[in-house]
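Engineer: Protein sequences, first through last, are from chains A and B. With my numbering, letter number 1 in the first sequence gets 1, and the count goes up by one each step, no holes. Just remember that my numbering sits 343 ahead of the position in the second sequence, which is counted from 1.
It is worth saying that the hints were derived from the structure and are not from the lab. The beta-carbon is built from N, C-alpha and C at its ideal position, and this holds for glycine as well. Check the hints yourself; a few may be wrong.
To be verified - To give an idea of the interface, some chain B residues facing chain A are shown, with a C-beta separation under 7 angstroms as derived from the structure:
| no. | residue |
| --- | --- |
| 1 | Leu366 |
| 2 | Glu369 |
| 3 | Gly370 |
| 4 | Val374 |
| 5 | Thr527 |
| 6 | Glu528 |
| 7 | Ala534 |
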Amino acid sequence: MTKQDKKEHVAETDVALGKGLDVGTANFAAAVQNADGGITVTVERNAFLDIPSDVYSKNMLVKLKVPYVVHNNRLVVIGEAAFELANVFGRETRRPMRDGLISPNEQDALPMMKMIITKILGEPKVSGENCYFCVPAPSLDVDNNVDYHKGLFESMINKMGYRAHAVNEAHAVVFAELAEQDFTGIGLSFGGGMANACICYKSIPCLSFSVARGGDWIDKNVANVLGCPRSKATHIKERGIDIRDPKSREEEAVSIYYRSLINYVLQNIKTRFESGQNMPSFTSPIDIACAGGTSLVGGFIEVFRDEFAKIDFPLPVGRIFRSEEALTAVAKGCLVAAAIGES
Amino acid sequence: MESVNDVKEALSARSRTATLDELRSEGRKRVRIIRAEHVQSMITEAVNSAVEQSGLISPEEVQKLVEKSRQQFRTMMQEAQEATEVQDQLEARDREIAELKKRLEQMAGGKGGGGAASVPVSGDLSAVLAKIEGSINDRLEKIGKKMGVSAAVESDAPVDFSGLFKAADKKLESNMENVEVKKTEGGGIAANLARLKKLKGGS
């Protein structure tokens, strides 16, 4: 389809083309512009749970409208329902991604991931519609293969009828949150498997990298010290606690590891920026925008500012803030990139 | 006979060569001599005897073990040889750098001395630098190839991984079509797009 055809289509439906997809370790999120001038974001948890396949269980899942797939003669419950069931039965969910990338241990989960992505993205409005999806930057602290991860999702999305483009995860945060600063500043995405950072000047990324610690790292450590499954630790973390004011031993553990994670990320950003050869010079202070599901916890940005004040940051920094739509900011940023690609 | 040669090489690698005068200066008047073949047969006999006495391994297994040991011995010899070569090359490079430094110091001394003999500094220096640079690059390339590193450039063409996950394309029984997924509404992106277009120089 030519650009002219696409423009005519937009005029017919009054909905702009282009979709953004956040391929997260913990959640998938797809963003699209709606007819009201806003955006609609569809979110699904990136997790599965195998249960024995029998007629009774299957009927129950159908009645309760719990999404499932039959795979290798087993019932596989998908998404948020899998997470809830795992908590009820004290089990661990299967996670197809680890540390921000596709997990080599979960290759047979690909059909289920494809199903979730198909569900949240929907059909392309026109063949070859742009879909920008996020990929992490190479990590400072682990040796990871971003190319394979990127190639896999690129191919998967192309097969759905879209034209897939990869965009750096933290760059997407800059697209979503730093428009008023002419897309100049630092975007940080605190995800389930990783924390990604990108420093931009006028929308151009100057430096981007990641560290392989995120919400999962907190869950793993909290589960270890409390002696409970990780799903339980995730539940504690997500039930609405404030890490500045922990109310129980469990919340105390979450709070300790949150602070440790934030400190680790900041120290790595500082070190990387200090050693960066392509760093631009800023005449005025730049803003730092935080986003991602791991930043949703109460007190996150206050603790972030506390930890930031303790280090001698190498750049002049103005405002430090968390996105108002932290869970969906990356998908929104990908949508901005997709929409500008369509125009 | 190959194993005898291996023993000879091993003895050679782990021994030192000394002249008769040197030995004499160390106070030695007589030395005992043993042939490599004898060492080899002593090793074989000792191993066979120890293994047979243990009664843990059959004669066939003993033979296999001996053969495996020989192979491992050859591999270790080869690795030691390669490491020696790399070390030699690095030492040669260090010597060249030291020589260059010495010559540069001599040139600088000659230039500053005023009354010293005139040296064609710029031409000579460029030639020396070019020669040393070429030599170092050549050696580094050789060492790199030996160590599995090369100056090859990566292709910019994207790698197609689709063949690795054909399983994801198969149709599975599911109720996903009848299940609603969570949707949230968010602020629009018109302002972001307008800013981006302005940055790009558009209207």
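Engineer: Please go over all the hints and tell whether each is borne out by the structure.
Structural biologist: Each hint tested on the structure:
Evaluation of the B/Leu366 hint against chain A yields a violated restraint, the C-beta minimum of about 54 angstroms exceeding 7 angstroms. Proximity of B/Glu369 to chain A is violated relative to the hint, the smallest CB-CB distance being about 53 angstroms (cut-off 7 angstroms). A least Cβ separation of about 57 angstroms between B/Gly370 and chain A goes past the 7 angstroms threshold, and the interface hint is therefore violated. At its closest, the beta carbon of B/Val374 sits 54 angstroms from a beta carbon of chain A; the interface hint therefore is violated under the 7 angstroms criterion.
Checking B/Thr527 against chain A by beta carbon gives a least distance of about 5 angstroms; that is within 7 angstroms, so the hint holds. Interface restraint check for B/Glu528: the shortest CB-CB distance to chain A comes to about 5 angstroms, inside 7 angstroms, so the restraint holds. Below 7 angstroms, beta-carbon pairs count as interface contacts, and B/Ala534 has one with chain A at about 6 angstroms; its hint therefore holds.
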